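Modelling step: build the complete structure from the supplied sequences, incorporating the hints.
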Amino acid sequence: MAPDRHIMGLFKDEDQVVSTLDALKASPFEFIRVNTPIPSHKIMDALKLKKSKVGWFTLCGGILGFLAGFGLAIFTATRWDMIVSGKPIVAIIPFVVVGFEATILFAVFGNVIGLLTQMRVPNQDWLQHYDPRCSGEHFGVLAGCNAQQEDELKSFFKQRGADVTVFETG
Amino acid sequence: MTQLTYAKIDQTILDTLTPPKRGYWIILVLLLLGTLMGAACWLYQIFVGMGVAGQNNPVAWGTYLINFVFWVGIAHSGTLISAILHLFRAGWRNPIARAAETMTVFAVCIAGLYPFIHLGRVWQVYYMLPIPTQRLLWPNFLSPLMFDVIAISTYLTVSSLFWYTGLLPDLAAIRDRTTGLRHKIFTFLAMGWSGAHEQWRHYTRGYLFFAALATPLVISVHSVVSWDFALGIVPGWHTTIFAPYFVAGAIHSGLAMVLTLMIPLRKLFKYEDIITMEVLQNVAKTIVLTGLIVGLAYGTEYFIAWYSHNSIEMEQFRWRALGDFRWGFYFMVLCNTLAPLLFLFKKIRTTIASLFIISLIVNFGMWWERFVIIVGGVAHGFAPHAWGLYAPTWVEFGIMIGTFCLFFFLFMMFAKHLPSVSMTEMKETVAGGHDHGA
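Residue numbers (numbering that gives the first Met the number 0), protein chains in the order written: chain A, 0 to 169; chain B, 0 to 437.
It cannot be assumed that every hint is accurate.
[Claimed, not checked] Stretches of chain A that chain B covers, calculated by requiring three or more beta carbons in the stretch to come under 8 angstroms of a beta carbon on chain B:
| hint | stretch |
| --- | --- |
| 1 | 17 to 26 |
| 2 | 53 to 66 |
| 3 | 96 to 108 |
| 4 | 129 to 136 |
| 5 | 155 to 165 |
[Said to hold, decoys possible] Computed list of chain B residues with no C-beta within reach of chain A, every gap over 12 angstroms:
| hint | residue |
| --- | --- |
| 6 | PRO18 |
| 7 | LYS20 |
| 8 | ILE26 |
| 9 | LEU136 |
| 10 | TRP137 |
| 11 | ASN139 |
| 12 | PRO168 |
| 13 | GLY191 |
| 14 | LEU230 |
| 15 | HIS237 |
| 16 | LEU295 |
| 17 | GLU300 |
| 18 | ASP323 |
| 19 | LEU341 |
| 20 | LYS346 |
| 21 | PHE381 |
[As the list claims (entries may be wrong)] Partial list, derived from the structure: chain A residues whose beta carbon lies under 7 angstroms from chain B:
| hint | residue |
| --- | --- |
| 22 | LEU46 |
| 23 | LYS47 |
| 24 | ALA72 |
| 25 | THR75 |
| 26 | MET81 |
| 27 | ILE92 |
| 28 | PRO93 |
| 29 | PRO121 |
| 30 | ASN122 |
| 31 | GLN123 |
| 32 | TRP125 |
| 33 | LEU126 |
Hints in this document: simulated from the structure, not taken from any laboratory.
Note that the structure is a prediction, hence the values are computed from the model and not measured.
Every residue gets a Cβ at the ideal spot worked out from N, C-alpha and C, and that includes glycine.
As structure tokens, then:
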């Protein structure tokens, strides 16, 4: 069931966030997310996040690019298959350049597609229950609770030195 | 120097985005006029013909190709700083990475203009594209010029995407601190970035892959540019040393351009606490290294010519030092190899004025290096009766000045409308981390 209240504790220190996350796990409140101005390895480790799958998109893009690059060079060469000075029509060594560049290009396209799909952007829904201070100097821990637990969750954050923002709607 | 905090980083960098003063607009208008002058010269060339440029037999590749190689070279250090130093976890890159990446994108755009200009009949540019047409002709991928088309377009695409990806958290930070139309624009540009842990988890990984892919790309691109020359049999060009020589030279010139751009930016935007003297010193030390590599390449070229006992190759290099364009050769040796050695003196590399002046000297020298290689090779080839000289015409000078103005115009526009230092990466530096990489 979706929580009635979304409350964000805003911290200025990563270590406080990590200890709050540990405490939150043992509490009745629902952890939703952390918004941070920087990628924090301490916080990521505390959340025990799985490895991102972006790399698979990159790899698939790279393989596709490798095939596309060589394929393009071979296809275009065979459209005019006149042997000049005994040189091969399908010349692998020069085509490596085309294959290599296409590998990088398509791997980057794959990487971008991976980022867009995995991060789920563009999507303004990420800004629901978001405090703009999280792109400045604050680390925001967002948790949910029912209406009766609101004061309890607020004091949970305040006890740990956080400023508190309450988002009214569910 | 004051201690950097997240708030101070935000304030310092966001302050640079406030409405500019009149001086800014005056300079911008002058640069725009310079750009329009260059465009007018190009139009003149299109209407009258390539004959208005000084390129003719035997020197068919003049300033257009010199500037092409020069600007591709400038682009390279942006990727060195943003990708290669990122992989090496060199934290000092963070304050200058954004400006260097931006420099890369604009420099590749400028470089990409020159083959268009050099084409003459620019409307036939689609001949280079692998698209089916009624002519039933396809590009020849055995040609190094086609390697160039694919390498440069890949480089422009990748560096632009890398630049935008790095910019994303900062666009969100600006979105959160603006109102009205600017807020709407930055809300669109930030694509809903909120710095949620789920976003960072994928972002750090993706950014790392970007860096890992951009690193071999940057090396390949200038190698490909060097093969435009090295795969020809022209004396002075046909050598295996060209790829590493060009890559080192590219990074050398690019680092010099980073200093040229960052020093005024640091002063105007009061970035002294962010772009510290240590950062500038590190760039200067890297310039010493790349200058020595370039110097080694100059020497090795002479060694190869002597060791080959090839009389034509030996004559080419004798003429390079003693012939009609010898002053170009002296410029390149003095400016690219000897002048950067002054950075070995701490006094010189910690003085802003000397850093700036030497960076200009290296830029100047690197332009002349390309002149010596490109013009020198074809001007003094195999057959003495086909030797000749070359001098740019006013049209070429006009176009060259126009493209320099366009580069600085674009950079000034960027500096006042987007964060010229990465707020996120600076915060990571303060937090004791290195950068986006997972």
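Status of each hint after checking the structure:
1. 17 to 26: violated (count 0)
2. 53 to 66: holds (count 3)
3. 96 to 108: holds (count 9)
4. 129 to 136: Since three or more residues must qualify, the claim that chain B covers the stretch 129 to 136 of chain A holds, with 7 doing so at under 8 angstroms.
5. 155 to 165: The restraint on the stretch 155 to 165 of chain A is violated, since only 0 of its residues have a Cβ under 8 angstroms from chain B and three are required.
6. PRO18: holds, 22 angstroms
7. LYS20: holds, 26 angstroms
8. ILE26: B/ILE26 clear of chain A: closest Cβ-Cβ about 31 angstroms, beyond 12 angstroms.
9. LEU136: violated, 7 angstroms
10. TRP137: violated, 4 angstroms
11. ASN139: violated, 8 angstroms
12. PRO168: violated, 7 angstroms
13. GLY191: Since the minimum Cβ distance to chain A is about 4 angstroms, B/GLY191 lies within 12 angstroms and the statement is violated.
14. LEU230: violated, 9 angstroms
15. HIS237: holds, 16 angstroms
16. LEU295: holds, 26 angstroms
17. GLU300: Non-interface label stands for B/GLU300: nearest chain A Cβ at 23 angstroms, farther than 12 angstroms.
18. ASP323: Non-interface label stands for B/ASP323: nearest chain A Cβ at 35 angstroms, farther than 12 angstroms.
19. LEU341: holds, 37 angstroms
20. LYS346: Nearest chain A Cβ is 36 angstroms from B/LYS346, so the label holds.
21. PHE381: holds, 20 angstroms
22. LEU46: At about 6 angstroms, which falls below the 7 angstroms cut-off, the nearest Cβ of chain B leaves the hint on A/LEU46 intact, so it holds.
23. LYS47: Violated: closest Cβ of chain B sits about 11 angstroms from A/LYS47, beyond 7 angstroms.
24. ALA72: holds, 4 angstroms
25. THR75: holds, 4 angstroms
26. MET81: For A/MET81, the interface hint is violated, since the closest Cβ of chain B sits about 11 angstroms away, which is over 7 angstroms.
27. ILE92: violated, 10 angstroms
28. PRO93: This hint holds: A/PRO93 lies near chain B, its Cβ roughly 5 angstroms from the closest one there, short of 7 angstroms.
29. PRO121: holds, 4 angstroms
30. ASN122: holds, 4 angstroms
31. GLN123: holds, 5 angstroms
32. TRP125: holds, 4 angstroms
33. LEU126: For A/LEU126, the interface hint holds, since the closest Cβ of chain B sits about 6 angstroms away, which is under 7 angstroms.
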